[in-house]
Amino acid sequence: MSGTFVGMPAFPKAAHEAVHDQTLRGNLRHATHTIRAKRANAVAEVSDWAQLREAGKRIKDHTLRHLDRYLVQLEEAVTAAGGTVHWAADADEANRIVADLVKATGESEVVKVKSMATQEIGLNEALEAEGIRAYETDLAELIVQLGKDRPSHILVPAIHRNRAEIRDIFEREMSEWGRPAPEGLTDTPAELAEAARLHLREKFLRAKVGISGANFMVAETGTLVVVESEGNGRMCLTLPETLISVVGIEKIVPTWRDLEVFLQTLPRSSTAERMNPYTSMWTGTTDSETADGPQDFHLVLLDNGRTDTLADEVGRQALRCIRCSACLNVCPVYERAGGHAYGSVYPGPIGAILSPQLRGVASEIDASLPYASSLCGACYEVCPVAIDIPEVLVHLRERVVQGGQVTARGNKVVLKPAKGHAAERAAMRAARWAFSHPGALRTGQRLASRTRRLHPRSLPGPGKAWSDSRDLPTVPAEPFRDWWQRTQGAKDGAK
Amino acid sequence: MSSRDRILGRVRRALADVAAERQDDTPYEQAVPRDYLREHGERSVAETVDLLAENLADYRAVVHRCTAADLPATIAGMLAARGAKTVLVPPGLEPEWLSAADAERIPDRTESTPDELDRIDSVVTACAVAVAETGTLVLDGSADQGRRRITLVPDHHICVVRVPEQVVSSVPQALERLDPARPLTWISGPSATSDIELDRVEGVHGPRTLEVVLVD
Chain A
82 MSGTFVGMPA
92 FPKAAHEAVH
102 DQTLRGNLRH
112 ATHTIRAKRA
122 NAVAEVSDWA
132 QLREAGKRIK
142 DHTLRHLDRY
152 LVQLEEAVTA
162 AGGTVHWAAD
172 ADEANRIVAD
182 LVKATGESEV
192 VKVKSMATQE
202 IGLNEALEAE
212 GIRAYETDLA
222 ELIVQLGKDR
232 PSHILVPAIH
242 RNRAEIRDIF
252 EREMSEWGRP
262 APEGLTDTPA
272 ELAEAARLHL
282 REKFLRAKVG
292 ISGANFMVAE
302 TGTLVVVESE
312 GNGRMCLTLP
322 ETLISVVGIE
332 KIVPTWRDLE
342 VFLQTLPRSS
352 TAERMNPYTS
362 MWTGTTDSET
372 ADGPQDFHLV
382 LLDNGRTDTL
392 ADEVGRQALR
402 CIRCSACLNV
412 CPVYERAGGH
422 AYGSVYPGPI
432 GAILSPQLRG
442 VASEIDASLP
452 YASSLCGACY
462 EVCPVAIDIP
472 EVLVHLRERV
482 VQGGQVTARG
492 NKVVLKPAKG
502 HAAERAAMRA
512 ARWAFSHPGA
522 LRTGQRLASR
532 TRRLHPRSLP
542 GPGKAWSDSR
552 DLPTVPAEPF
562 RDWWQRTQGA
572 KDGAK
Chain B
243 MSSRDRILGR
253 VRRALADVAA
263 ERQDDTPYEQ
273 AVPRDYLREH
283 GERSVAETVD
293 LLAENLADYR
303 AVVHRCTAAD
313 LPATIAGMLA
323 ARGAKTVLVP
333 PGLEPEWLSA
343 ADAERIPDRT
353 ESTPDELDRI
363 DSVVTACAVA
373 VAETGTLVLD
383 GSADQGRRRI
393 TLVPDHHICV
403 VRVPEQVVSS
413 VPQALERLDP
423 ARPLTWISGP
433 SATSDIELDR
443 VEGVHGPRTL
453 EVVLVD
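Sequences listed follow chains A and B, in order.
Residue numbers for the first sequence follow our numbering, beginning at 82 and rising by one.
Residue numbers for the second sequence follow our numbering, beginning at 243 and rising by one.
In short, the hints are calculated from the structure, not lab data.
Be aware that a few hints might be false.
Taking lysine to any residue and the SDA-like style, the derived pairs with C-alpha atoms no more than 25 Å apart in a straight line are [claimed, not checked]:
hint, chain 1, residue 1, chain 2, residue 2
1, A, K184, B, R246
2, A, K493, B, A258
3, A, K497, B, D259
4, A, K284, B, D259
5, A, K138, B, A262
6, A, K493, B, A262
7, A, K284, B, A262
8, B, K327, A, E275
9, A, K289, B, R424
All of these numbers come straight from a predicted model, not from anything done at the bench.
Using the sequences provided together with the hints, build the complete structure.
Now the structure itself:
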């Protein structure tokens, strides 16, 4: 399987293939149903969930609406605490900044905490091109990296793999990257975790440079927060001398106190726990006397389509996302199609609205994503920051079909309607014309009624696929208006 | 134009539709409703401590309770039960706590390498605050807790919580007590992963055994 998303087929084709993969469907069904039930319990423990959700939504909205102010405040606070802030307008710039920072340390390998932002910009591949090897240290990311695979879930990137597949990957690939898998490795999760522990520990202990993202950045104090379970995050954030954190500009919260909302809603929404095993918070660098953490800290603030998303009045709410992945686990489409079909590091419902906004809808896959949903609304129900995903999906569908004004790389541009919707647009235009010309409509309806026995059972041309699985409506023997005229018209006339 | 100016400029242009709202200078404290709870449910102090013990155990921490007088013997017993030959000691730990232990005491030094830490069997620390509703210990790098790495690399962590004064009910109450300028580590049970079929497995990279002593 290719490690890249470039050239992915559009969602319908990728999903069509995925739903025929029995192992994948089994793995996904088991995983999503397990976590769904657990999450509901974890949420039920907190009686003020609705209030926490509303507060989370309002904090994020307020921050986004004053994002320039909070970014500057954060920059000042991080700098005052001894860190260095870099700004990256796009993926290339962020990758260049990170590669240069790593080269400046003289190191040629780095350890990484799982991070969506660095996945999004393809940092590992960019570093490899510069001769720097990046080791993923999260267990699931390790499975993906060793399997030369792509992540398929925000929280559990290897959710599409079962334990037997993981065992095979470890046995086959670990020796290529360092310590080989232990002899006689079985597929019990405890043994697999132990193999990962031994394999990665030697890398942690020698690493001089760590790379992370962050779940939150506090503008007021300059504090960064990473929420995790395994301790690989703590290893990467604590042991290396240099820490480089690549963080999307939407991850800001204004004050320290705001964390009280998200530290309650994030763990319960993502892993369905009261609290995740480990949370690390760091503010700039620590003094060399205690050396408790990195001596050198770099924060790379990433735009890469986020300001374009912010410019969309309906779609900007996607930037509230705290990457909990609750929406993936409840989505009937994700459960069957799997994460790879979305052709992005952000799969599932949130990916279906985030990717086409961050990347634009010019490509076939991005234009297809707003349709990768049944609009059932379960994603909106579980979202801890109340992103109305169905609303944004419908909004993006309109953009795909009709085009219109959007912001791309900071500039306002007029988007052309996407290809492949020509028949739909022609039909709508014809309908508009007919409804505004009553005489023609009446003639057309009478003609349709009279020829009803000759109508085909399925549509020709582009409509064929649609009518393969649906019955076409039958045309009545007499148009409604004629019937009304015949049965009620006389009475109306008599009044 | 620098990327900083470019990004800030894009943000400002993107928000042209909310220009009026951006003029509004309501202080942030009033901009967001905070009608969620400060703690969940009514509990006595003793019940809060019980809840802490229950939630710690629920996430596979081993919980012990003892009096201050029994603490040295309790810690010595835990170390002996594990067969720990060496125990890492943060600089400000109460010397009394380890007075009964047989294990060799290794003081943490700035120059200790990760490899040296990896060879030590156990570590004993205090904590800054413990959160009952979530079963969480928070360490803030004070002298009796030491550097973040010492509770990370050794495979066995014993953490002492003074009850009830270090125990709060909830996450909001914990944040109030903490200083963001300090390096903070929140710990809820031992290292765990759910990455294999979403089955929770304890013990990946952090300490695989977390023992908590609640001292009255």
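Hint check results:
| no. | hint | in the structure |
| --- | --- | --- |
| 1 | K184(A) - R246(B) | holds, 23 Å |
| 2 | K493(A) - A258(B) | holds, 13 Å |
| 3 | K497(A) - D259(B) | holds, 23 Å |
| 4 | K284(A) - D259(B) | violated, 49 Å |
| 5 | K138(A) - A262(B) | holds, 20 Å |
| 6 | K493(A) - A262(B) | holds, 21 Å |
| 7 | K284(A) - A262(B) | violated, 52 Å |
| 8 | K327(B) - E275(A) | holds, 23 Å |
| 9 | K289(A) - R424(B) | holds, 22 Å |
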